[in-house]
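I would like the entire structure built from these sequences, with the hints used as guidance.
Quick note, the sequences are listed as chains D and F, same order.
In this text, residue positions in the first sequence follow the working numbering: the first is 1, and each later residue adds one.
In this text, residue positions in the second sequence follow the working numbering: the first is 1, and each later residue adds one.
None of these hints come from the bench; they were simulated from the model.
Hints are not guaranteed to be accurate.
[As the list claims (entries may be wrong)] Now the in silico label distances, taken between C-beta atoms and shown as ranges:
hint	chain 1	residue 1	chain 2	residue 2	range
1	D	A86	F	A60	49 to 57 angstroms
2	F	S56	D	N256	57 to 65 angstroms
3	F	F289	D	N68	23 to 31 angstroms
4	D	D177	F	G283	47 to 55 angstroms
5	F	T42	D	F32	27 to 35 angstroms
6	F	N260	D	G118	15 to 23 angstroms
7	D	A86	F	G288	36 to 44 angstroms
8	F	F289	D	V235	35 to 43 angstroms
9	D	D34	F	Y29	39 to 47 angstroms
[Unchecked claim] In silico lysine-lysine, DSS-like type, Cα no more than 30 angstroms apart, as pairs:
hint	chain 1	residue 1	chain 2	residue 2
10	F	K80	F	K53
11	D	K50	F	K53
12	F	K80	D	K50
[What the hints assert, rightly or not] Simulated coverage check for chain D against chain F, where a stretch passes if three residues somewhere in it have a Cβ under 8 angstroms from a Cβ of chain F:
hint	segment
13	71-84
14	137-144
Glycine included, C-beta positions come from ideal geometry on N, C-alpha and C.
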Amino acid sequence: MRILHVGSVLLILSVLLPAAQAAESYDNCTGFIDTIPATIGTQGVWCLRKDLSTAISSGAAITVAVNNVTIDCNDFKLGGLAAGAATDTVGISSEGRSNIIVQHCNIRGFRRGAILFGTGGGHVVEGNRFDGNTESGVTVLGAGSLVRDNLVFRTGGSTAATGAVGIYVGGGVDVIDNTVSGLFPLAREDGYGVATGIFADFNAGGSFIGNRVRGLSPEAGSAYGISLHMSGRMVVQDNDLVGNDGPSYSVGISCNSDQYQATSRGNVISGFEQPMTYCFSDRNTTNSN
Amino acid sequence: MRISQFLILGVLCATALAWAGNSRAAEGYDNCSGFIDALPATISSQGVWCLRKNLSTSIASGDAISVLANNVTIDCNNFKVGGLAGGPDTAAAGIHAASRQNITIRHCNMRGFGSGVMLIGGGGHIVEDNTIDNSTRAGIAVSAQFSTVRRNRVRDSGGALTGAEPNAGIVVGGDVDVIGNIVSGVAANPAAGDADVYGIRMAEPGDGSISGNRISALAPVGAGIAVAIKVEGSGRAIIRDNHLMGVADPGSVAVLCGGNRNTARDNIMGGYLTGISGCLSDGDTFNGF
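Below, the structure is given as C-alpha cells:
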C-alpha cells in the first residue's frame, strides 16, 4: 500500500514537471533542408534552419520518399503563398511510406499543407501551424497515425479545388487537441462548396478528441463540424464545435453513413442547424439559442 | 518482503527520475535567427529570436520588444524580460505586435509591465508556456483571430494607479482559444473607486474556447465585482472544464456571459455569489458554501 502511495506521488510529480518543448537544438538533425523543392531520400531527422518559400504551382515543396523520416521545421516557415489561389502544390508530401513525422512547422499557402497517404502508416503530425492553405490543412491516410496539437486556420479559397477541409484522415487515425478555425471554400460552378472542419473517410477505430472547430464559412453550400464517412466504430469526444448559424445547411457531427455505430460523447455543439445526425449520442451539449 | 518493497520502490524512483530528466532537457540556441541582448528592441525580420540572458528596462511607455514582421517567434529560453523599474503605473508593453501574422511568444518570464504580452490585430498568434507577473493592467492581451493562449502562469496582475478599464489576468478578443492557463491574483486600480476585476475576459464577441484554466484570488475595489470569466456579447464561446475559486465577494460571478449563445459546461466553481450568469449551462458544478 505504501509502495503504491509513493509511486503515485512520483507519478504526479513527474507529470507536473514542465513538458518537453520543441527541438530547438540541431543535435539530432540528420541533415538540413535549405532550399525547396526538396526530396528526402534518407531516413532520419531532417530540419529547417531558416524560413523557406517557393512559387511553384504544382508538385510538392518537400517530398518524403523513404520511411522513418521526421521533418522538424524548428518553428520556421514553409511558404507557398506566392503561387496564388490556383496553386496545386503540396507543402509536405509522402506516398506509401511508414512512420513519417511532421512537427513544429508553419506551413502557408499551399493547396494542401501536408499530405501523407498510400500504403504505410504510423505517421504523426503535431505542433504545426497550417495557415492559408487553399483546400486542406492536413491529410493523413494510414493506420496507426496521429494528428495532434495543430493550429489549422484560414483554409480555403482555392480556384482549383472544390470545398475546404481542415483535417482529412482515413485508415484509423486519431485526431486530438487540434484547432480548426476559418474555412472559406469558394462555390463551384454549380454554386456549391462544402466546408468541413474534420473529415473521416474509412477511419474505423479512430478517435476524435478535444478538438475545436469554428469559422465555417462556405461561399455557398453546407458546413460540417465533424463528418464521418464509412468509418464505423469511431469515438468523437469532448470536441468544441461552433457553427455559423446559417444561412447554409450545417451539421455539428455527421455520422450519416454509419447508422449509430460511431459514438459521440461530451461534445459541445453550438450554432448548427442539425447538432448531430445518426451518431450514438451520450451527454453532449447542444446550444441552439 | 521488505527487500522486495525496496526493490520495487527503487525501480519506481529510477523510472520517475529518468522520465523527469527526459522532459527537462536544456534548450538550445541552434534555431535562433538572432538574439535580443538589450532593451528596448525591435524585431523587423522573420525567424526565431531568442534571449540568452535576463534583460530589464525602466521605460514606462512604449514597448520593451516590438515585433514588426510576420512569422516571428520570440523564445526567451526562460529568461526574464523585466519592467518593474518602470514603476507601479507603467503603461509599457513587454512584447507588442500590431497587425502581424503568426507571432509566437514562449518561455518568457515577463515582469512588471503594463501588459506583459500585447498582440493586437493580425492573427495566428500563439502565447504559450510563459510566466507573467506584476503586470499593472493585464498579463496577456491578445485581440487577433485564430490565436491561442495556453499553459501560461499569470500572477498578480493589475493595481495600476490610473486608468478606468477593469484589470484582468488575460484579455482576448475575437476567436481566441484560452487553454490551460493559471491566473492567480488580479487587483483593481486602487484609485478607481468601484472597479471590477476579471480573471479571463473575452472583450469582444467570439467563438473561442476557454477551457481547463484555473483562476483564483480576484480583488475588486469598492462596489466593484470579481468575475472569474467574463465573455462579452453574444458570440458562441465555449467555457468548459475551468476551476474557478473565489472568496464570496459581494456580487461576484464565476462565469458571466453577455448572451445565451455562449455555452458553459463542466466548470467547477466555488466562493462566488453566483455560479453561471447569462450562458447556456450544462453539467457545471457550483459550490455555494
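Structure-based check of all given hints:
Remark: the range hint 49 to 57 angstroms for A86 of chain D to A60 of chain F is upheld by a beta-carbon distance near 51 angstroms. Between S56 of chain F and N256 of chain D, the C-beta spacing of about 59 angstroms keeps the proposed range 57 to 65 angstroms intact. With their beta carbons about 57 angstroms apart, F289 of chain F and N68 of chain D fall outside the hinted range of 23 to 31 angstroms. Checking the proposed 47 to 55 angstroms range against D177 of chain D and G283 of chain F shows it is violated: the Cβ atoms sit about 20 angstroms from each other.
Checked against the hint of 27 to 35 angstroms, the C-beta distance between T42 of chain F and F32 of chain D comes to roughly 28 angstroms, which is consistent with it. Separation of N260 of chain F from G118 of chain D is about 47 angstroms and departs from the stated range, judged on CB atoms against 15 to 23 angstroms. For A86 of chain D and G288 of chain F, the hinted distance range of 36 to 44 angstroms is not satisfied, since their beta carbons lie about 60 angstroms from each other. Roughly 36 angstroms separates the CB atoms of F289 of chain F and V235 of chain D, a value that falls within the hinted 35 to 43 angstroms.
Evaluation of the 39 to 47 angstroms hint for D34 of chain D and Y29 of chain F yields a failure: the beta carbon distance comes to about 19 angstroms. About 8 angstroms separates the Cα atoms of K80 of chain F and K53 of chain F, which keeps this hinted pair within 30 angstroms; it holds. Distance restraint check for K50 of chain D and K53 of chain F: the Cα-Cα separation of roughly 23 angstroms lies within the 30 angstroms cut-off, and the hinted pair is therefore satisfied. A hinted pair counts as satisfied when its Cα atoms are at most 30 angstroms apart, and K80 of chain F with K50 of chain D qualifies at roughly 26 angstroms.
With a threshold of 8 angstroms between beta carbons, the proposed coverage of the segment 71-84 of chain D by chain F holds, since 4 of its residues qualify and at least three are required. With 0 residues having a beta carbon nearer than 8 angstroms to a beta carbon of chain F, the segment 137-144 of chain D misses the requirement of three or more and the stated coverage is violated.
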